[in-house]
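Q: Construct the entire structure; sequences and hints are all you get.
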Amino acid sequence: MIQNGITVTDDGPGGNATDAEMLQLTNLLKVQSKILKLGFTEKFSQALHLDGTQSVDAITGLDSLVSLTPTTGTVGGIDRAVAGNAFWRNYGTTGLTTTTTTGTILDGMEIAYRAQVRNGGKPDFYEAGDDFIDGFRQHMMKTYGRVDYQGVGIFRDVKAGTEMVSFHGIPIIWSPEYDDLDTLFNPTPTWSKRCYGLNTNFIKLRPIQGQDMMTRKPPRAYDKYEWYWGLTWRGAMTMDRSNAQSVVSIA
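Heads up: the sequence shown at position 214 corresponds to 208 in this note's numbering, and the numbers run straight through without jumps.
Simulated from the structure, these hints should not be mistaken for laboratory data.
Among the clues, some could well be false.
What the hints assert, rightly or not - Straight-line distance between alpha carbons at most 16 Å, and here's what the computed EDC-like set of lysine to aspartate or glutamate pairs gives:
| hint | residue 1 | residue 2 |
| --- | --- | --- |
| 1 | LYS37 | ASP176 |
| 2 | LYS116 | ASP234 |
| 3 | LYS218 | ASP73 |
| 4 | LYS37 | ASP174 |
| 5 | LYS31 | ASP206 |
| 6 | LYS37 | ASP206 |
| 7 | LYS37 | GLU15 |
| 8 | LYS116 | GLU104 |
| 9 | LYS198 | ASP118 |
| 10 | LYS198 | ASP234 |
| 11 | LYS37 | GLU171 |
| 12 | LYS37 | ASP173 |
Stated by the list, open to error - Label pairs and their calculated CB-CB ranges:
| hint | residue 1 | residue 2 | range |
| --- | --- | --- | --- |
| 13 | THR1 | ASN195 | 25 to 31 Å |
| 14 | ALA230 | ASP118 | 19 to 25 Å |
| 15 | GLY70 | ASP5 | 22 to 28 Å |
| 16 | GLN48 | ARG112 | 20 to 26 Å |
| 17 | SER49 | MET(-5) | 45 to 51 Å |
| 18 | ASN79 | THR20 | 52 to 58 Å |
All residues carry an ideal CB built from backbone N, CA and C; glycine is no exception.
A: Have a look at this one:
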C-alpha cells in the first residue's frame, strides 16, 4: 500500500481516503483478486487430475476414476479387481509407439474408441499432454502427411504450426498442467505421455450447493496491517459409467 501511495495508520480519529488513494486501492484490489482467481483455477485444475491421495482435503480426481491400471483399486466402493466388477473398469493401455509407418498409436486409440462405443460411451472430449500430442502429430505427418504449395519461384503464403489435432473428428485438447504434474509428482508413465478419452455424460464435477468457489474474508491479525481474502470449493468429481471412459499412453 505504501508503495502505491496509500497511508495506513491507527493514529488519530480517522478520516477519509483521498481520491488518489481510492483509485490506487481499487486498482490493487482488482489486480490481487484476479491473481487469486487465476492461481486458484490453476491449482484446482491440477487437483482434479490427481488421484486424491495427496492430502486429506484432496479431490478423488481423474487419475483414480479413469485409471491406467483399471483392474486394481476400489472406486466408489466397487473393487475393480473382482472379475464380476469388470463393468466398472475403464479402458486403459500403455506403451503405444509413434514410429513412422509401424507405430501403434492409432491402433491403440482405435481400440480404446471402440471399447467405449461398445459400452454406450462414445467419447466427446479428448485431452492429452505435450509428448502424446507431439508423438501423434509426428506419426501422422511422417507416415501419411503431404505438403502442398502453389506458385513457381515465390511462396505466396507460407504457414506453419498445428492448428488442431483430432481423432474421429474430436479435437485433442492440449493440457499444459500435465507438465506441471510431472514436475511435482514424477509418475510413471508421465502425464505428458497420456491421452484421456472421456464421455462427459457420465463423469461430472459436482460442487456442494453454496460451496462453489466461495469468497472468504478472514479477519486480519491484530498486530499487522494485512488484509486477507481467499476462495474455497467443496464437492466431488463423480462417475456413473466407468467403461465409458478411456486413457492411453505412449511409451
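Q: Next step is simple, just say for each hint if it's right about the structure.
A: Hint check:
The hinted pair formed by LYS37 and ASP176 meets the criterion: a straight-line CA distance of about 14 Å does not exceed 16 Å. At roughly 15 Å between alpha-carbon atoms, LYS116 and ASP234 fall within 16 Å of each other, so this suggested pair holds. A distance of roughly 52 Å separates the Cα atoms of LYS218 and ASP73; the hinted pair therefore is violated under the 16 Å criterion. Simply put, LYS37 and ASP174 have alpha-carbon atoms about 10 Å apart, close enough for the 16 Å limit, and the pair holds.
With a C-alpha separation of about 13 Å, the suggested pairing of LYS31 with ASP206 holds against the 16 Å cut-off. A C-alpha spacing of about 15 Å is found between LYS37 and ASP206, which places the hinted pair at or below 16 Å, so the restraint holds. For a cut-off of 16 Å, the pair hint linking LYS37 to GLU15 is broken: about 33 Å separates their Cα positions. Proposed proximity of LYS116 and GLU104 is supported: the alpha carbons are some 12 Å apart, at most 16 Å.
A threshold of 16 Å between alpha carbons decides the hint, and for LYS198 with ASP118 the separation of about 13 Å falls inside it, so the pair holds. For the given pair, LYS198 sits about 9 Å from ASP234 by alpha-carbon distance, which is consistent with the 16 Å threshold. A distance of roughly 9 Å separates the Cα atoms of LYS37 and GLU171; the hinted pair therefore holds under the 16 Å criterion. At roughly 13 Å between alpha-carbon atoms, LYS37 and ASP173 fall within 16 Å of each other, so this suggested pair holds.
Range check, THR1 to ASN195: about 57 Å between beta-carbon atoms, so the 25 to 31 Å window is missed. For ALA230 and ASP118, the Cβ-Cβ distance of about 21 Å falls inside the hinted range of 19 to 25 Å, so the restraint holds. A hinted range of 22 to 28 Å for the beta carbons of GLY70 and ASP5 is inconsistent with their spacing of about 59 Å. Take GLN48 and ARG112: their Cβ atoms lie about 34 Å apart, and the range 20 to 26 Å is violated.
Between SER49 and MET(-5), the C-beta spacing of about 33 Å breaks the proposed range 45 to 51 Å. Look at ASN79 against THR20: about 57 Å separates their beta carbons, and that is inside 52 to 58 Å.
Going through the hint list in order, the structure does not satisfy hints 3, 7, 13, 15, 16, 17.
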